[in-house]
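If you're matching them up, the sequences are chains A and B in order.
Remember, the numbering used here sits 24 above the position in the first sequence when you count from 1.
To convert, note that position 108 of the second sequence is 104 in the numbering used here; the numbers rise steadily by one, no gaps.
In case anyone wonders, no lab produced these hints; they're calculated from the structure.
Check the hints yourself; a few may be wrong.
Unchecked claim - In silico DSSO-like pairs for lysine-lysine, Cα to Cα no more than 30 Å straight-line:
#, chain 1, residue 1, chain 2, residue 2
1, B, Lys133, B, Lys120
2, B, Lys162, A, Lys115
3, A, Lys126, B, Lys163
Said to hold, decoys possible - Per the computed footprint, the stretches of chain A lying under chain B, defined by three or more beta-carbons under 8 Å from a beta-carbon of chain B, are:
#, region
4, 40 to 46
5, 50 to 63
6, 90 to 104
Beta carbons are placed, not taken as given, at the ideal position from N, Cα and C, and that holds for glycine.
Given next are the chains, with one letter for each unit.
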Amino acid sequence: MIIPLAHILIFSLLLFATGLYGVLVRRNIIGILISIELMLNAANINLIAFSKSTSLSPETGQIFAIFVLAIAATTAAVGLAIVLALYRVRKTVYTDEVHLLKW
Amino acid sequence: MDMLSLIIKFGIYGTMALALIAAIAVVTLRNLFHSALCLAAVLIATAMIYAAFHADFLAAAQILLYVGAVMTLIIFAIMLTEQLGSKTIRQTNRQNLAALAGLLVFVVILGRVIFKTPWPVTEKALASKVTVMELGKAFMGPYVFPFEVISIILIAALLGAVVIAKKDR
Chain A
25 MIIPLAHILI FSLLLFATGL YGVLVRRNII GILISIELML NAANINLIAF SKSTSLSPET
85 GQIFAIFVLA IAATTAAVGL AIVLALYRVR KTVYTDEVHL LKW
Chain B
-3 MDMLSLIIKF GIYGTMALAL IAAIAVVTLR NLFHSALCLA AVLIATAMIY AAFHADFLAA
57 AQILLYVGAV MTLIIFAIML TEQLGSKTIR QTNRQNLAAL AGLLVFVVIL GRVIFKTPWP
117 VTEKALASKV TVMELGKAFM GPYVFPFEVI SIILIAALLG AVVIAKKDR
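Isolated chain B, as found in the complex:
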């Protein structure tokens, strides 16, 4: 039992390291297609972290929705807008040093705040194991109004994407 939890612990840390390395590859690689593939790796690692936190439904939805649908969309867009000779075009603007300095300050300040805050850990949340049934009950109970709003947003985005991307004559 102790051995098993140790393996799980190292598995989670390894997944996190993998996700961070892939994320850095996403923002630094010159070829956009490669960075899209690295984004798929980050998304799969995130789904594994969700599964480690007993969010089974969310892990499945992440794989289906992100890795299945959004990645397909992004790769289609990359292939449709690819230009000849894009190897020689500069892929970053000239502000990467300023951006790095600002982000370093951001990370240091927020990291200090995170380590100084005493995060309360409740026993109820630790022992809980949220099933799909409870999620569905919460959607139909207290969260029914945001649920309806998000369905309207999805319809509007569907129609809007079709109208915007359509060829106008």
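In isolation and in its complexed conformation, chain A is listed as follows:
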């Protein structure tokens, strides 16, 4: 291992926390989707680091990372399609202005 595993884990923890901050704080829905991509990347870094250091069968971590990549691509496609449909109907992309179901 080139650098200690704990440093990688701390790095991905900080990346995940940054993404979570963006999800909690942003008003723009596209900004929230971008922050979700950050969080998925942090999880992927963890999977790769574990597959290189502690795993019993080394390819398992990479396989799961590829699955995460595919799911992230579908998330982006469907999520942005929903954002475009919402923009066409309601003329807004801000989360707190979409309150049709809020009593």
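Given chain A's structure and the hints, the job is docking chain B onto it.
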């Protein structure tokens, strides 16, 4: 040899610092287009970290799929939904202090857990170098059922994105 590993070490730490700075720029910049460009920087830095951990195929897939496809999609969506005078609109809600406090607790607790856990490092994993061939064999062997499921998910997401984004008449 020793010099080379030292350079690699500092390269990895520098890449990590770059990724963190770009990530903070992603969540704090007011202009969404700029934050999308910073996201591209984070993704490229992540691909470099993958390459440092001998995950060559994943680094290539990350560049192709994320930086190529997902970033294009995000930038298209930003440009399609851009409003006039968006400079004056508030980009964050009023909970950023509460979110920061909660995340600080989260990071401190998980950081302590990470430093206290003795992570086992196996020699087999350290010596391994996963090739694309092994990945393909694993996909067609033990992981063939999740592989099929994810192809169905991709088809469903493709059709769903077209149906949702289509103009209804």
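What hint numbers does the structure not satisfy?
none
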